[in-house]
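**Q** Here are the chains, one letter per residue:
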Amino acid sequence: MFFLRKNNFFSRFLASSLLLFLLLTFSAIHPVFASGCVQGNRCASAHAHSPNIIHTNGLVTISPLTLNGLDHRMTIQMPVDVLDGQDNTGNNWHVQVGMTRLANNGLFLPSSWSVALTGTCDNDSFNQLFDCNMPPDGSVFLLPGQSISLSPLVSSITASGNTPSLTTVISVDPNAFGDVTILTTLSATLLAKNTYAGTYSGLFKVAVVDGP
Amino acid sequence: MRNSVQDVVRRMRRGRWLLAFAVCLALLIEMTGMGSVALARQFALDGNTLQRGQHNGTGQPKFSLAPASSDPNNPASFSYFVLNAQRGKIARNALRVSNVGNEAGTVSLIAADASTAQTTGLVYASADPVKHNVGSWLALTVQKVTLAPGQSQLVPFSVYVPASEAPGQYVGGIIAQSMIQQTSNGSQSSNNVQFQVNLIHQQIIAVEVVVQGTLTQQIAATGIRASLSNGNQEMLIDLSNTGNTLVDPQGSLSILNAQGKSILSLKLDLNAMLPGAIVTYPVMIQGQPLATGIYKVVLTLTYGQNHVLNSTATVSITRQEALASLSIASLTSASRFPMWLAILLVIGVAGGLLFVLRGQRVRIAGLARRANGARTRRERR
Chain G
1 MFFLRKNNFF SRFLASSLLL FLLLTFSAIH PVFASGCVQG NRCASAHAHS
51 PNIIHTNGLV TISPLTLNGL DHRMTIQMPV DVLDGQDNTG NNWHVQVGMT
101 RLANNGLFLP SSWSVALTGT CDNDSFNQLF DCNMPPDGSV FLLPGQSISL
151 SPLVSSITAS GNTPSLTTVI SVDPNAFGDV TILTTLSATL LAKNTYAGTY
201 SGLFKVAVVD GP
Chain B
213 MRNSVQDVVR RMRRGRWLLA FAVCLALLIE MTGMGSVALA RQFALDGNTL
263 QRGQHNGTGQ PKFSLAPASS DPNNPASFSY FVLNAQRGKI ARNALRVSNV
313 GNEAGTVSLI AADASTAQTT GLVYASADPV KHNVGSWLAL TVQKVTLAPG
363 QSQLVPFSVY VPASEAPGQY VGGIIAQSMI QQTSNGSQSS NNVQFQVNLI
413 HQQIIAVEVV VQGTLTQQIA ATGIRASLSN GNQEMLIDLS NTGNTLVDPQ
463 GSLSILNAQG KSILSLKLDL NAMLPGAIVT YPVMIQGQPL ATGIYKVVLT
513 LTYGQNHVLN STATVSITRQ EALASLSIAS LTSASRFPMW LAILLVIGVA
563 GGLLFVLRGQ RVRIAGLARR ANGARTRRER R
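Line by line, the protein sequences are chains G and B. If you read the first sequence in my numbering, its first letter stands for residue 1, the second for the next number, and so on. If you read the second sequence in my numbering, its first letter stands for residue 213, the second for the next number, and so on.
So here's chain G without its partners, still in its complex pose (with noise of 0.2 Å):
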């Protein structure tokens, strides 16, 4: 056959196509198979012993920054960790975040932040979750320590008001299951011309309601 001949750079490329194919083949294997562990013993031991979703405080992480005539990429990270147990009860949840504008002594840094989100699979010891199908719908499977790039439900959020209004980021349907940390930044630019040096205070709000 003609791209069987020896020394053929086709051939090679064909093998080498094949070779990769395979490879991509079985590392794709994994998940999908483990994806089906809804029903297998290691997910069976957390159906009971965990009675609802499980929420952990975060810190707020705001980037430092220092001013030198530039316009800054200001980012706000605010992470929630969330243990869902799967424990056949239909658990929809959902996390909020909303904040006022920083301010300080009449002046202000912007209103308007956009909106990314992470989703991170944690290892929990507690309820033997090792494993998570990641949120929104539980249809991408995660080993612990992988992360992933979520939609959020909103581009962008507005600061403003003394109490914060909460936004929707992201809601959860009963398929999605794990511990896992969601984590929202929050950036925007702060111009130059207009942001002075300072200590800017706010009122940040995250919330992981368990609800309809």
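Hints listed in this document are in silico derivations from the structure and should not be mistaken for laboratory results. We put the CB at the ideal spot given by N, CA and C, even for glycine. Mixed in with the good hints there might be a few duds.
[Claimed, not checked] Residues from chain G that face chain B, not an exhaustive set, calculated with beta carbons under 10 Å:
hint, residue
1, LEU67
2, LEU83
3, GLY138
4, PHE141
5, LEU143
6, VAL206
On the provided structure of chain G, position chain B as indicated by the hints.
**A** The following block gives chain B in isolation, referenced to the frame of chain G:
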């Protein structure tokens, strides 16, 4: 001499294998988009390393809220409260608050009303002093709970539905709230921006009260119009829940051109809407922006028990809307490197390399032949 030439040729053959493999790998990575996913994951992991170190450390209270009793026939009642109530009567249940963390902690408990957010979904107003329905009907026996690690406490509560209330589903919630004050720890320099923020953490468990009577499921679309949001075209759908039950509409929005040909179909997955809620739901136009002209928009939503809402509207895209979104789209596409160009580039570079290698091989073979000829001539002499 001959051996060394053959050695060079052999090495080049090995190099071609490597080249073939590299070309395949590059093509596959570009075609499957694995490259960008892998990069995104790497960044995500890097970003989280610091974060998890900060909040997943030891010494944290972890609170869990759950209904003390639930209805085996209603799976939702295991994760939040679903109370069947009669007007003028009191319904009772209890909240189980557990601390499954490894440090003691205190949470405040607050009753709140739920309302429908602009993009659908329910939000709970903890600070609203005036409560209208479930928030005002709900009476908690305890407002603050302090728990040691592993401890749990039952908090009984009652819900009194006024006799004047209409039948239907009403939603409120119990909020378990804690507050932390955080201060940034950067150096106090004259050109530094420092932060001092109060962080409120809330865990909310919904309380759905079903007031007995006739329940109706109905939504209405009162308008569809085009708009611009940050330079992106979007369709705004005015929706109202005219029934007295919660709904989670799902469906699609199809856009047809003047000839009646479908040019875009977008999937819609709305969140919960309370009875009486009126929202303007934004649907972003994905892909190529719509050009100036008149379009027919067909909205199909399913909700409740096999209910379907069909609504059709004529929408005009103004020149301003088309131009504004087009400039954004062209900016976006100009900033991205097209995949087909990347593939062509990879093939081109690979072809060029092969051509050069082939030329070298022919030249080396020629040199080898000349060397052989010279040796033969020397031997003859």
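**Q** Where does the structure disagree with the numbered hints, that is, which hint numbers, in rising order?
**A** The structure conflicts with hints 3, 4 and 5, although it agrees with all the remaining ones.
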